[in-house]
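Student: In case you want the letters, here they are:
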Amino acid sequence: MISFKKIKMGLLMLSILAVLSACTSNTNNDTKTSDGSNATVSISGSTSVGPLGEKLAAKYAEEDNTKIEINQIGSSAGITNAISGVSEIGMSSRDLKEEEKAAGLKEVVIAYDGIVVVAHPSNKVKDLTMEQIKQIFTGEVTNWNELGGADMEIVVVSREDGSGSRDAFQEIVGYSSGELIRNAIIASGNGNIKTTVANNKHAVGFISFEYIDESISTMDINGVKASPENVLLEKYRLSRPFLFVYKEGKLTDAGQRFIDFILSEDGQLIAAEAGAIPVK
Amino acid sequence: MIQLKDKLLRGLLWISAFLSVAVLVMIVGFIFYKGINLISFSFIFGDYSPTGGGGIWPMIVTTIYTILISLIIATPIGIFAAVYLQEYAKQGRLVRTIRFATESLTGIPSIIYGLFGAVFFVTTLKLGMSIIAASLTLTIIVLPVIIRTTEEALKTVPLSYREGSLALGTTKLQTLYKVILPSAMPGVLSGIILSIGRIVGESAAIFLTAGTVAAMPDSIFSSARTLTVHAYLVTQESGDIELAAAVGIVLIVIILVINLSATFISKKLNRATNK
Amino acid sequence: MSIPTNNKQVVVIDKANKRKYMLEKMSSRIFLICALLSVLTLVLIIGFVFYKGAHPFVAEGYSFIDFIFGKDWVPSEDKFGIFPMIVASIFATIGALIIGVPIGLFTSIFLAEIASKRVAKIISPAIQLLAGIPSVLYGVFGLAIIVPFLQNTFGLVKGQSLLAVILVLAIMMLPTIVTVAETAIRAVPQTYREGSLALGVSHIGTIFKVIVPAAKSGIMTAIVLGLGRAIGETMAVILVAGNSLIVPTSLTDSVRPLTTNIALEMGYAFGTHQDMLFATGIVLFSFILILNFVLAKISAKGGN
Amino acid sequence: MSRLMSTSVIEHGELTTKKQSWEGISQMEQFKEGTTKINVKDLNLFYGEKQALFGVYLDIHEKQVTALIGPSGCGKSTFLRTLNRMNDLIDGVKISGDIVIDHENIYKTNDVIKLRTKVGMVFQKPNLFPMSIYDNVAYGPRMQGIKNKKELNKLVEESLRGAAIWDEVKDRLKTSALGLSGGQQQRVCIARAIAMKPDVILMDEPTSALDPISTLKVEELITAMKKDYTIVIVTHNMQQAARISDKTAFFLNGEVVEYDDTDNIFSTPQDQRTEDYVTGRFG
Chain C
1 MISFKKIKMG LLMLSILAVL SACTSNTNND TKTSDGSNAT VSISGSTSVG
51 PLGEKLAAKY AEEDNTKIEI NQIGSSAGIT NAISGVSEIG MSSRDLKEEE
101 KAAGLKEVVI AYDGIVVVAH PSNKVKDLTM EQIKQIFTGE VTNWNELGGA
151 DMEIVVVSRE DGSGSRDAFQ EIVGYSSGEL IRNAIIASGN GNIKTTVANN
201 KHAVGFISFE YIDESISTMD INGVKASPEN VLLEKYRLSR PFLFVYKEGK
251 LTDAGQRFID FILSEDGQLI AAEAGAIPVK
Chain F
281 MIQLKDKLLR GLLWISAFLS VAVLVMIVGF IFYKGINLIS FSFIFGDYSP
331 TGGGGIWPMI VTTIYTILIS LIIATPIGIF AAVYLQEYAK QGRLVRTIRF
381 ATESLTGIPS IIYGLFGAVF FVTTLKLGMS IIAASLTLTI IVLPVIIRTT
431 EEALKTVPLS YREGSLALGT TKLQTLYKVI LPSAMPGVLS GIILSIGRIV
481 GESAAIFLTA GTVAAMPDSI FSSARTLTVH AYLVTQESGD IELAAAVGIV
531 LIVIILVINL SATFISKKLN RATNK
Chain V
556 MSIPTNNKQV VVIDKANKRK YMLEKMSSRI FLICALLSVL TLVLIIGFVF
606 YKGAHPFVAE GYSFIDFIFG KDWVPSEDKF GIFPMIVASI FATIGALIIG
656 VPIGLFTSIF LAEIASKRVA KIISPAIQLL AGIPSVLYGV FGLAIIVPFL
706 QNTFGLVKGQ SLLAVILVLA IMMLPTIVTV AETAIRAVPQ TYREGSLALG
756 VSHIGTIFKV IVPAAKSGIM TAIVLGLGRA IGETMAVILV AGNSLIVPTS
806 LTDSVRPLTT NIALEMGYAF GTHQDMLFAT GIVLFSFILI LNFVLAKISA
856 KGGN
Chain L
860 MSRLMSTSVI EHGELTTKKQ SWEGISQMEQ FKEGTTKINV KDLNLFYGEK
910 QALFGVYLDI HEKQVTALIG PSGCGKSTFL RTLNRMNDLI DGVKISGDIV
960 IDHENIYKTN DVIKLRTKVG MVFQKPNLFP MSIYDNVAYG PRMQGIKNKK
1010 ELNKLVEESL RGAAIWDEVK DRLKTSALGL SGGQQQRVCI ARAIAMKPDV
1060 ILMDEPTSAL DPISTLKVEE LITAMKKDYT IVIVTHNMQQ AARISDKTAF
1110 FLNGEVVEYD DTDNIFSTPQ DQRTEDYVTG RFG
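Protein chains in written order, with the working numbering: chain C, 1 to 280; chain F, 281 to 555; chain V, 556 to 859; chain L, 860 to 1142.
What the hints contain is simulated information worked out from the structure, not anything from laboratory work. Warning: the hint list may mix true and false statements.
Anything over 12 Å on all C-beta distances counts as not near chain V; from chain C, calculated [as the list claims (entries may be wrong)]: (1) K55; (2) D64; (3) I79; (4) K101; (5) V125; (6) L147; (7) K201.
Below, simulated DSS-like cross-link-like pairs (lysine-lysine); rule was C-alpha separation at most 30 Å, straight line [what the hints assert, rightly or not]: (8) C:K106 - C:K67; (9) F:K287 - V:K573; (10) L:K1029 - V:K573.
Listed next, the stretches of chain V that the computed footprint assigns to chain F, with coverage defined by at least 3 CB atoms under 8 Å from CB atoms of chain F [stated by the list, open to error]: (11) 647–655; (12) 731–737.
For each residue, glycine too, the CB sits at the ideal point set by N, CA and C.
Put together the whole structure using the sequences plus the hints.
Tutor: Next up, the structure:
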């Protein structure tokens, strides 16, 4: 007869196991930290800045064991978390809005990033003017043949409302969320846009330079190739800053050390390797 | 004419059964086909690396954390609440309304729990995006399940056991943990197993409360990804279907293990009680 | 004659029993606290969602009618209309119903009545496993197989569409409907079958004329549970729906159901935008409540 | 054998309790002949608004078998359950009047445990727990705090012997009690009750679910137990009442119509209603 005592023992063992595993993973971290402090820097925000942030954090972890937590949930979410204190640092891939600055947020540009319009590799159209891009995304132009391409309906793919890349893209190209074509596919995350475009010859979307690969073809703007050099030379205008934002006085020195590392030689090197454009 | 109608209907039965099985085979087949070559020892136990090629061990640990913490909080409260509703409370209208409320709570989509958790636990209680915030949200999700299944199990215990025990001069508490709960145990356990299944499969609620940090969580206060959230983010972020499918295989294996152990335990318990 | 209540005269209780009574009182207190705690979480979650959800309409003068029937959802421009999403959710659920219920029901009848014991013993647990698979994997399957399939075979401009959502939800509904309906059909007493067969009615006739009507309330439960899961699904739908904010006019339009909208925007919404997402949650919650009410009415009317 | 009879005449709708000769007998005298173990005075019981017991006066004598007979629904089982306060389990039950066991009014104390250890009970259907025979019998004492193995073994053996079932189960004490036959299970129930060393044992139609042979075994056991315990047994079976009880009380519509030595009740019933029932004129 399964007496209740055995069940009680089982539950007891279960909880001890949980507590043990919780603290064991704690302790082995403590012992390694050189300067004894095991501060955690919680960073959340843009899904474009995120991957760069993770690569930087991985490199940074080799010399300093401050735990860097990178949460990829979208620029506006990062900014909201920075304001509300849920995260110490917010990552944004767009400039701060007035009310966000008013909330006491300081910003540091850690790199620049270009946004490139992408289409299916089979798409003959390789070059667009800023005006044409606007017409595509606002629905004035609906067929690729109007842009010198094949007779194919255009399927617009855009990012979700809170994405920094979308805000920056819309600001530079010059249309508002309300004007975005209604049946545009909304894909959350650069990766999602890339796979949607890569699998659909009708599709057109925009992604951060970091995500460029051979599964999609990139569009030049007014004949200017989408490359970090052209952004630095200000010839390619579709770019936006990668910002770390934090509330005045809320930045711990562990956080400050991480930012200094990013702005240092090695930090900017990693940014370049990741496809972003170094600040220095 | 009847023969024709019969044949037609019998045909329809066979076709729909075939369709269901075909769908099952297709889905499980797709996941294994796409993900199997990624499965390896290092994939399951390796640490995550942002530049790809890493393992999913942190996600497995996070999933285990969420299961353990949610159950450790939800099981006692759920069982004790069910005991109160079934054994102590007067079966008046109040108890019936509570039961109807828990009934409809089990039907609420988990995204609403995620909504609530994201604001209440993450921001209001200042827990931040963390495993504990996600686990508390999951606790609220599984609590009604545990209460309902435990109550049903308590109902199956014959009244004669209670009277027999009380008539021997034992207190209600002794009767409860010596006679009533042990014989209701199979039902209670099935409720717990059901909850584990729901926790493992949950993604919407966890996505909004535990965040997306893809690293080994330090403690229950750090943000982390569970397996299901990882499968979703991988599909969304990098569009890597193979990796998502591989995570899917691990999830299916976990669900299989849970279901099999559930049937095994309930068989053993049933045999024990009415041997 | 008033009913006299006997007054409790305190009698010296010997020590051992005193400890037991103390334990007894303490334990019933703990059980009460746990019951109150679970009721508290009940009230907390419902209260919180309704408080946040109703706030913009009650305090900030947004009109609930515009919210329900408004066609534009542009949070940055303070436009919060969820009509396209309500239509999307309803169409998706009804579509999934039309495909999922017949197949699900016929499969459950097949398993309960036609299939040999050995066959049923293999298929039912397999389908139960299907119910356990996390919905995210249905989404991945949808994105990788269903969307390209629709795009190529029907020559659609894009695979992400209402049809994709319907197919995914129908597949997700199947296991719930099959398992619950199968148990209901198996629960129909053997005497019903024998009675009908004895009258010379064919096996198929017996099934559809006697057994299915007898298991009606169980089947109804199965359908409503399946529906509940379909309406509440989020992660699988985001990957295949296309999420565009239009009132779907054809199966090939990409749509954004209510749940997807919450998941997509909850991360960064704050202030009125966040409240509007809670309001979307209320609309969803009332769908479920109506469903539960219908279920209670049917199974009550179903009698046995 | 003086007859202590309580007659409560009921004009429907209005209860009048004619003070019967009871008052006349002094306190001492009533205890003289066969000390009274349980003294019930003017007991009324209400299920919410419905009254089930009307002004019951009854003295149950120590070390005797008292049978309670009457048609179903006459309140005999309800009355039995008031003696160990099992009715407390039912919502909305109200009791008035006094039940005194060993000079202590059982409704004036809230030490129900002490009462139920002193007043054991055996139910209609054997309700052994899903445990081994040993655990079933040792359940009560263990709950009382007796932990010592040797002491428990002795107590279990004694109880099983006391219930005349030791020989049939002594070599399978560890097996599940649910495997035994109906008659054996009921006797193990009796053993389980005896293990508490009660003074009184209440039996609610203990043999109605058993076959004739087991019924006979249980009846022999009851007569044998008379020397150690006061037994109150509710039964439908009038022959059983005649065979094994010393005193019999005839219940009808919630009140005691007649209470006397068993021989008198069955041979020379005083009240016409008792005679009709005893001679089987109405069910």
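Student: All the hints need checking, so say for each whether the structure fits it.
Tutor: How the hints compare with the structure:
1. K55: 22 Å, holds
2. D64: With a cut-off of 12 Å, C:D64 remains clear of chain V, as the shortest Cβ separation is near 29 Å.
3. I79: 8 Å, violated
4. K101: 16 Å, holds
5. V125: 16 Å, holds
6. L147: 16 Å, holds
7. K201: 9 Å, violated
8. C:K106 - C:K67: The hint holds at about 22 Å.
9. F:K287 - V:K573: Between F:K287 and V:K573 the Cα gap is close to 74 Å, so the pair fails against 30 Å, i.e. violated.
10. L:K1029 - V:K573: 36 Å, violated
11. 647–655: violated (count 0)
12. 731–737: This one is violated; 1 residues, fewer than the three required, reach chain F with a Cβ under 8 Å.
Checked against the numbered hints above, the structure breaks hints 3, 7, 9, 10, 11, 12 and satisfies the rest.
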